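What follows is the residue order along each chain.
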Amino acid sequence: MAERSNEIRVGFYICHCGTNIAGTIDVTAVAEYAGKLPNVVVSRDYKYMCSDPGQELIASDIREHKLNRIVVASCSPLLHEETFRHATQMGGLNPFFFQMVNIREHNSWVHTDKAAATTKAKDQVRAGIRRVGFHAALEKTRVKIHPDVLVVGGGIAGIHASLTLANAGKQVYLIERSPTIGGHMAMFDKTFPTLDCAACILTPKMSSVKNHPNIHMWTYSEVTAVDGYVGNFKVKIRRKPRYISEELCVGCMACIEQCVFKQPRFEDDFNQGLAKRKPVYIPFPQATPQVVLIDPEDCLYLKTGKCKQTCLEACDRNAIIFDQKEEIVDLEVGTIILATGFQIFDPHRTPQYGYGIYPNVYTALEIERLVNASGPTGGHVTTRDGREPKSIGIIHCVGSRDDNTNKYCSRVCCMYSLKLAHLLKEHSGAEVYNFYIDMRTPGKGYEEFYDRLLQEGVQFIRGRVAEISDWALTKEEEGKLIIRCEDTLAGFVRRTPVDMVVLSVGLEAQPDAQDVRRMFNIGCGGDGFFLERHPKLAPVDTFTDGIFLAGCCQAPRDIPDTVAQAGAAAAQALALIDAGEIEQEPNTAYIVEEDCSGCKSCIPLCPYTAITFDETKKKAVINAALCKGCGTCVGACPSGSIRQNLFEDEQIFAEIEEVLSGV
Amino acid sequence: MKYGYFPGCSLKGTGRAYEESLLEVLRALEIEIQELPDWNCCGATAYMAVDEIKAFTLAARNLAIAEKQGGDLMTPCAACYLVLVKTQHYLKEYPKVRDAVHRGLNAVGLRYEGKVKVRHPLDILTNDIGLDAIRARVKQPLKGLKVATYYGCQVVRPYATFDHQDYPTTMDRILEACGAEIVHYPLKTKCCGGSLTGTLTEVGARLCHILRAEAKRQGADLIATLCPLCQFNLDAYQDKQPGQWFEPVKLPVVYFTQLMGLAYGLSEKKLGLGRNIVSAAPALRHRSAVTTA
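Those sequence lines, one after another, are chains A and B. Just so you know, the first sequence maps onto residues 1 to 663 in our numbering. Just so you know, the second sequence maps onto residues 664 to 956 in our numbering.
Since the hints were made in silico from the structure, they are not lab data. Be careful, since some hints might not be right.
[Claimed, not checked] Coverage of chain B stretches by chain A, computed from C-beta distances (three or more under 8 Å per stretch; other residues unrestricted): (1) 722 to 731; (2) 826 to 836.
[Stated by the list, open to error] Label pairs and their in silico Cβ distance ranges: (3) A/Asp512 to B/Glu695: 44 to 50 Å; (4) A/Asn587 to B/Met664: 55 to 61 Å; (5) A/Glu476 to B/Thr708: 55 to 61 Å; (6) B/Val771 to A/Ile652: 51 to 57 Å; (7) A/Glu332 to B/Ala796: 57 to 63 Å; (8) B/Met664 to A/Ile652: 54 to 60 Å; (9) A/Gln263 to B/Glu865: 54 to 60 Å; (10) A/Pro511 to B/Lys778: 34 to 40 Å; (11) A/Gly479 to B/Met664: 34 to 40 Å; (12) B/Met664 to A/Leu489: 39 to 45 Å; (13) A/Glu476 to B/Ala796: 57 to 63 Å; (14) A/Gly598 to B/Glu695: 35 to 41 Å; (15) A/Val329 to B/Lys778: 43 to 49 Å.
Note that the coordinates shown come from a computational prediction; the quantities given were computed from them, not determined experimentally. Note that the Cβ used here is the ideal one computed from N, Cα and C, for glycine as well.
So here's chain A without its partners, still in its complex pose:
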């Protein structure tokens, strides 16, 4: 711990930040005031301290005036602490002999009374100058980065991130919990606004993943535990049994053909339940890997132990293994990319739209399958009761922009609704009505696509739909679904009878996002999506170093944005790996061993599991590489034996005393 050295020589600098600070605080008065405080040798005000000349000023003053402490009063440390530490170092001092005083966010931006703001600035500055006298020289520690990467989730985000990393020569473990990679994108028919076929652009990337020598693709697998810290994560993967050998199966599907169930009779998840499959199945023709699997809930043999097992005879490669067990695999990786995707909003939660009540009300994802040439109807649009719809209503914002469900805009629904409107009209010739609150088409070529739909004669009605029912008032309405909506452009309530309704359901966080968040020790926002470190400046980082986000697990977004974000996440991982090691802030907690009573009360409190117990010494031990400097243990320790660099008692008490001495 630093002791107050006999000769403390402080250099003080106050920044105008243009008029951001100088407009509200009399900076020259503060500089003059600070110049008279004990230990202050130099006190200056300057237009922009963060500029090169501003930094050079600090460095040359250190040399010229033999300064050994620096205080800068300017903006938030989040923005420029590093800048001024660097300037302090350029002058030949340890960078931690620096203290920053935030007089912008904490003062000039939130006050209007110039005299009072100036007085407050003086208090803040006085505290900073007193505190810096207690600063000690600290060293940043370095941690080695394991070069392998874990990518969780095999949708387009995980696929793109994996390929980027693998092409850069890194070893990637891609873990996907469903039997195939491809995610939601594989279910889509076309993509907006170009209308290129989703499978045509996705499946080549899927096979690249499969064939890439640097990618270890494990489908039907889940992460069950994560331990360690940036550069050194230890991960457990559970590989669920497919009852098929992935090595031996070539995807000939003879076993499916020969299954004792002659007809498919189990719900086909990939086709959203619009089709049936057998107990032994492959999710879709281009599934990757091209390996079948057996659902133990449906398979007669696995359920009852009694079956003719015709599949065994059909397989000439002996790939079927009925006694296959799940496998737990341990991995060591240095960085992790989470690309766990989203779930669609469950429209049962908005019963006024009749999903599950009226068979001809569909979700948008069901329609994606229905218009798909490889879908359950071969792309022929028929309703559940077997009719060809003459009129179709598409309801926007189902489960989005709604106080009762989700407040946020799901971002993709307007555009996919336009795409589905086009496809439905093209496939069925039906009259298509879009009911929207606002059309949101910001994106390259998106507004043009909207314009194209207007030209094609798709109907657009502005208003949030109140309800969908079979309440017929006239003969013409009998047997139809009636969409009731206040048309806010025309100014009256419409009743629009249609044969088919499409609910443009919003995007939600995965149902187990909270469990995943806890496992990876990252944050979630109020809407349940994973939280980025900074909404603007660190959109793919998380609050846990070495873990990055890609795609819809962070927020709803479309394919181009997802791919861009996945690339960014891969680049962030690469930057860490190629640096080989990472510098860590020295603001970590440490234990004064002789004072530690071994009560262990700090251990469960640590949110980063950085504290362990040394059974031989009977003392707590803090792993500095894991510690994030949150201070929880410091405050909780009953014997006061935990202290924290840069937040020592002397430093904080000095600061508090000076702030209050002005009162």
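Position chain B against the provided structure of chain A, taking the given hints into account.
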């Protein structure tokens, strides 16, 4: 558990059949209630429009008495239910309203601390008593009786306290437990016209007609309600020509408690079935014909 009971004015007047049948059903289920002493008008929607603070104070007086008496407060009338719940909400959220109302209550020596729970019988029957207990008491199941369950607006909106605000199902489940067949009824929470039947009769009668016509179209033998005003509007304006394009629709409109009582084998007279303007007898006879057949 003993419940406080706030009948409100309707259940002593036009909605007497509701009170008669409710009390019979509660007795059959051995649910104890105690009517609030010296209760007053809830103020309904009318007083709110005249003077909000006075209206809240009026409602809060009942809440204060209920709190003093103890137990949850059973409130069968949809309008009373909404006014009491709304008053609680405003007293909780708006300190200005709370202070003014408290001053009023203090003047007559009453206190209200916001503790009493206002509960609709549908809520109590579904969540406290349970469908199994309701089913166990059934003597003559309502087999073959097709019922359109009509909730009206006030009991689920804007405060959806015990059921979904657009698609409530508690009455459906209770009557199903009594053996009735619930028809799909998309208008279950649509407006009956409220007091419009008295002021703009043409408009109110048309809204009522729509509700009856749709219930009939969906195959209902009768409509079950939980609100005295809904019941009155739907029952009383059936002869009123609702406009030149519409054929009048005759359909009995009863309280859900009357149907429960029938299933419990209670007499039609005790259940106030004779008070309905449009007799439910033919629909009920039709049912017994079905049961005996």
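Practice problem: For B/Met664 and A/Ile652, compare the CB-CB distance with the range 54 to 60 Å and indicate the outcome. | Solution: With a Cβ separation near 55 Å, B/Met664 and A/Ile652 satisfy 54 to 60 Å, so the hint holds.
Quiz prompt | 57 to 63 Å as the expected CB spacing between B/Ala796 and A/Glu476, which holds or is violated | solution = 47 Å, violated
Self-check item: B/Glu865 and A/Gln263 - C-beta distance against the hinted 54 to 60 Å
Solution: The hinted range 54 to 60 Å holds for A/Gln263 and B/Glu865, with Cβ atoms some 59 Å apart.
Quiz item: Measuring from beta carbon to beta carbon, are A/Glu332 and B/Ala796 in 57 to 63 Å?
Solution: 59 Å, holds
Quiz prompt | Outcome for the supplied range 43 to 49 Å, where the beta carbon pair is A/Val329 and B/Lys778 | solution = Check failed, 57 Å falls outside 43 to 49 Å.
Quiz prompt | Beta-carbon spacing of B/Met664 to A/Leu489 - inside the hinted bounds 39 to 45 Å or not | solution = Given a distance of about 54 Å, which is not inside 39 to 45 Å, the answer is violated.
Quiz item: According to a criterion of three or more residues whose C-beta lies within less than 8 Å of a C-beta of chain A, is the region 826 to 836 of chain B covered?
Solution: Coverage by chain A holds for the region 826 to 836 of chain B (4 residues, Cβ < 8 Å).
Self-check item: Cβ contact check, 8 Å cutoff: the region 722 to 731 of chain B against chain A, three residues minimum
Solution: With 0 residues closer than 8 Å to chain A, the region 722 to 731 of chain B misses the three-residue bar; violated.
Practice problem: With 55 to 61 Å as the target window, see if A/Asn587 and B/Met664 comply at their CB atoms. | Solution: Holds: the Cβ-Cβ distance is about 57 Å, inside 55 to 61 Å.
Quiz item: For the pair A/Gly598 and B/Glu695, does the Cβ-Cβ distance stay inside 35 to 41 Å?
Solution: 59 Å, violated
Quiz item: Falls inside 34 to 40 Å, the C-beta gap from A/Pro511 to B/Lys778?
Solution: 36 Å, holds
Quiz prompt | Consistency of beta-carbon spacing, B/Met664 to A/Gly479, with hint 34 to 40 Å | solution = Because 48 Å falls outside the window, the suggested range is violated.
Hints 1, 5, 11, 12, 13, 14, 15, counting from the list given before, are not met by this structure.
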